[in-house]
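A.B. asks: What follows is the residue order along each chain.
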Amino acid sequence: MNFVALRMLVGDRSKYFGLVFAIAFCTFLLENQTSIFAGILKRTASQILDVTDAEVWVMDPKTEYWDQTKALKDTDLTRVRGVPGVAWAVRLFKGNPVTKTLNGKFAVSLIIGLDDATLSGAPRKILLGSWERLWEPDSVVIDEAGYVLLFPGEPLELGRTLEMNDHRVTVVGISDPSPPFLSVPIMHTRYSEAVNFLGRERTQLSFIVARALPGIAPSELTARIENATSLRARTTQQFMWDCVRYYLKNTGIPVNFGITILVALVVGTVVAGQTFYLFTVENLKQFGALKAMGVTNPRLVGMILLQAASVAALGFSLGTGMAAIFFEIFRHKLATRGIVLWWQCAGLTGACIFFVAMVASILSIRRVLVLEPAEVFR
Amino acid sequence: MNPGDTLAVSCREVQKHFGDGETRVQALRGVEFDARFGELSFLVGPSGCGKTTLISVIAGLLDRTGGELSVLGVEVDKLTPSERILFRRKNVGFLFQQYNLLPAFTAAENVAVPLLIAGVPRKEALERARSMLSRLGLAERTGALPSQLSGGQQQRVALARALIHEPRLVICDEPTAALDHASGEAVMSLLSANAVHPDRAVIIVTHDTRVFHYAQSIAQMDDGRIAKVTRKEAQA
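Protein sequences, first through last, are from chains A and B.
Mapping of the first sequence onto the working numbering: position 216 corresponds to residue 216, and the numbering continues sequentially without gaps.
To convert, take the position in the second sequence, counting from 1, and add 378; that gives the working numbering.
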């Protein structure tokens, strides 16, 4: 009878395609919006996740997320290094200078000052040049997107001159870090250079990044550091989630995306659910005839569930394909790099779609179950 | 067993009402009706007299509320719901006024439906369906959709579907009502030639006086009762 169910489903082409495309577009919208939402939130912690050498971040006790820093004292670095279990700990500076090109173009930038001796905290990917060249005086490594922003239409090349706070600096590398939350150029330099580019203040140490000795879990080390120094210590993952939570709680991003996701879900549910319901209702006479001919209620339920599941599977697959194409196209654009289709979003969307299909089919099943087979004579 | 000697359907004082209280409608008021094996038994009468209710009760689609009913020797409404479905699946064929063909299915697929319901493999079911359609003069139209068939052809497909699983009771509800005279005659001729069988009874509900000559017996219903039964011998 599966054959009968599927032929009934595909027999009315217009309704069938209407159902499939309603589910496909609902899937596309849900996967698209949830993945972009997740991608944007992940960007709030991009620079934290790019620091792969360290696994523990130490900051002022009141610091809640990456963009909110209160400088630590230089002596705090020594205190952290003195905590048992710390393999190493180095300074990390974060600031936002205005960067100018010689032709007058400028942009607020994100500058990250790496430990002078070890350059710990640099992202892995570099497209041109090398991290070691940061040991040259007045040198920076700039990210590709920032380079394109400051030198639009010009080829990537080293040796370009920039100006920050009356300091001339030379581009010695072009990197490919994770995109930041705001589309600003990301520049890496040595800690001592960075504080000069921003202008000296009494205290300038944004973060201390550290690594635990072998055998000591990062979470254990954070507890030890907090106990010993009264500073705030977080593992990389904890700090990432701090940032995500901060933006979720304190910005309009989740509300805006939530509304779009909700609208997509409601519209998709209503359109797909109503179309499927109407499809079943319009076939009630046929279901009645099948009942009269000896099809049992459980078999009819199975037929309707099969119809719902197959239309949901096809619509979901098409929608996921559309979403994958969308993200594949935009993944290569500088502004939207790093925004990808998350498997978690696809999974969640799939669960929603199948839930919608099941709800619609349950409503339809009810109509079929209460249908008197004698109705076929009316 | 001589054809016509044995009762396939026996109704004694069968009653059926719908609703209760002020909304109660007494559809059958003590029906006495027999249908014999090997015969076409017609059930005629004005609209609302209870013909459709009676065949629904006989087919096990509705429960009677009084009297005695035996179908093929079985008291159908004493069967459990699942037993009744199996009984209907195996023993009853239906021919509806509006054909009730599945629009997405070809003629052969429509005819094969009762076999598919019974669990016959699809290939075998389709072969048997094509063979049945050939017997009914539709060998060239087995692949046509209902929308590509005339009303008469659709009713012949529906007839093939009613007979494909060789039921012992065929119930026809106004089989010629939606057809012109020629098509109605053709359908009745095929029904008479193919459905009548010593081990099968055929009950036909109809208003169409033009096809009464096919009947072995005609039971006239009025106001929920059988008012008169005329048998062919008597007509002759």
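Honestly, the hints are just simulated from the structure, not real lab data.
Where a beta carbon is used, it is the ideal one built from N, C-alpha and C, also for glycine.
A portion of the hints provided could be inaccurate.
[Unchecked claim] Cβ pair distances, simulated, as ranges:
| hint | chain 1 | residue 1 | chain 2 | residue 2 | range |
| --- | --- | --- | --- | --- | --- |
| 1 | B | Ala556 | A | Ala313 | 32 to 42 Å |
| 2 | A | Glu372 | B | Ser509 | 42 to 52 Å |
| 3 | B | Ala522 | A | Phe3 | 14 to 24 Å |
[Stated by the list, open to error] Chain B is faced by these chain A residues, among others (derived, beta-carbon under 7 Å):
| hint | residue |
| --- | --- |
| 4 | Leu6 |
| 5 | Arg7 |
| 6 | Gly11 |
| 7 | Phe17 |
| 8 | Gln286 |
| 9 | Ala289 |
| 10 | Ala292 |
| 11 | Gly294 |
| 12 | Val295 |
| 13 | Thr296 |
| 14 | Leu371 |
| 15 | Ala374 |
[Claimed, not checked] Listed below are the simulated DSBU-like cross-link pairs for lysine-lysine, each with C-alpha atoms no more than 30 Å apart in a straight line:
| hint | chain 1 | residue 1 | chain 2 | residue 2 |
| --- | --- | --- | --- | --- |
| 16 | B | Lys468 | A | Lys285 |
| 17 | A | Lys94 | A | Lys15 |
| 18 | B | Lys501 | A | Lys15 |
| 19 | A | Lys285 | B | Lys606 |
| 20 | A | Lys125 | A | Lys94 |
| 21 | B | Lys610 | A | Lys285 |
| 22 | A | Lys62 | A | Lys94 |
A.B. asks: Are the hints correct? Go through all of them and say.
C.D. replies: Cross-check of the supplied hints:
Between Ala556 (chain B) and Ala313 (chain A) the Cβ separation comes to about 39 Å, which falls inside the hinted range of 32 to 42 Å. Here the CB-CB span from Glu372 (chain A) to Ser509 (chain B) is close to 33 Å, at odds with the stated 42 to 52 Å. The hinted window of 14 to 24 Å between Ala522 (chain B) and Phe3 (chain A) holds, with their beta carbons roughly 19 Å apart. Evaluation of the Leu6 (chain A) hint against chain B yields a violated restraint, the C-beta minimum of about 10 Å exceeding 7 Å.
A distance limit of 7 Å between C-beta atoms decides the matter here; for Arg7 (chain A) the minimum to chain B is near 5 Å, and the interface restraint holds. Residue-level restraint check for Gly11 (chain A) holds (minimum Cβ-Cβ distance to chain B is 2 Å; threshold 7 Å). Annotation: Phe17 (chain A) was flagged as interfacial toward chain B, and the flag is violated, the nearest CB pair being 14 Å apart, outside 7 Å. The beta carbon of Gln286 (chain A) comes within 6 Å of a beta carbon in chain B, closer than 7 Å, and the hint placing it at the interface holds.
The criterion of a C-beta within 7 Å of any C-beta in chain B is met by Ala289 (chain A), whose closest approach is roughly 4 Å, and the hint holds. Interface hint status for Ala292 (chain A): upheld, as the beta-carbon distance to the closest one in chain B is roughly 6 Å, under 7 Å. Restraint check, Gly294 (chain A) versus chain B: the minimum CB separation of about 3 Å is within 7 Å; hint holds. Because the smallest distance between the Cβ of Val295 (chain A) and any Cβ of chain B comes to about 5 Å, under 7 Å, the interface hint for this residue holds.
A hinted interface residue such as Thr296 (chain A) counts as satisfied when its beta carbon comes closer than 7 Å to some beta carbon of chain B; here the least separation is about 5 Å, so the hint holds. Here the hint on Leu371 (chain A) is broken, as its CB sits about 11 Å from the closest CB of chain B, past 7 Å. Interface restraint check: Ala374 (chain A) against chain B, minimum CB-CB distance 4 Å, threshold 7 Å, status holds. Distance check on the hinted pair: Lys468 (chain B) and Lys285 (chain A) sit about 21 Å apart at the alpha-carbon level, within 30 Å; holds.
Between Lys94 (chain A) and Lys15 (chain A), the direct Cα distance comes to roughly 57 Å. Violation of the 30 Å bound is thereby established for this hinted pair. For the hint pairing Lys501 (chain B) with Lys15 (chain A), the CA-to-CA distance comes to about 28 Å; that is within 30 Å, so the pair holds. Straight-line distance between C-alpha atoms of Lys285 (chain A) and Lys606 (chain B) comes to about 33 Å, which puts the hinted pair past the 30 Å bound. Restraint check for Lys125 (chain A) and Lys94 (chain A): satisfied, since their Cα atoms lie roughly 19 Å apart, inside the 30 Å limit.
Restraint check for Lys610 (chain B) and Lys285 (chain A): not satisfied, since their Cα atoms lie roughly 36 Å apart, outside the 30 Å limit. Our distance criterion of 30 Å between C-alpha atoms is met by Lys62 (chain A) and Lys94 (chain A), whose separation comes to about 16 Å.
In the structure shown, a violation is registered for the earlier hints numbered 2, 4, 7, 14, 17, 19 and 21, in ascending order.
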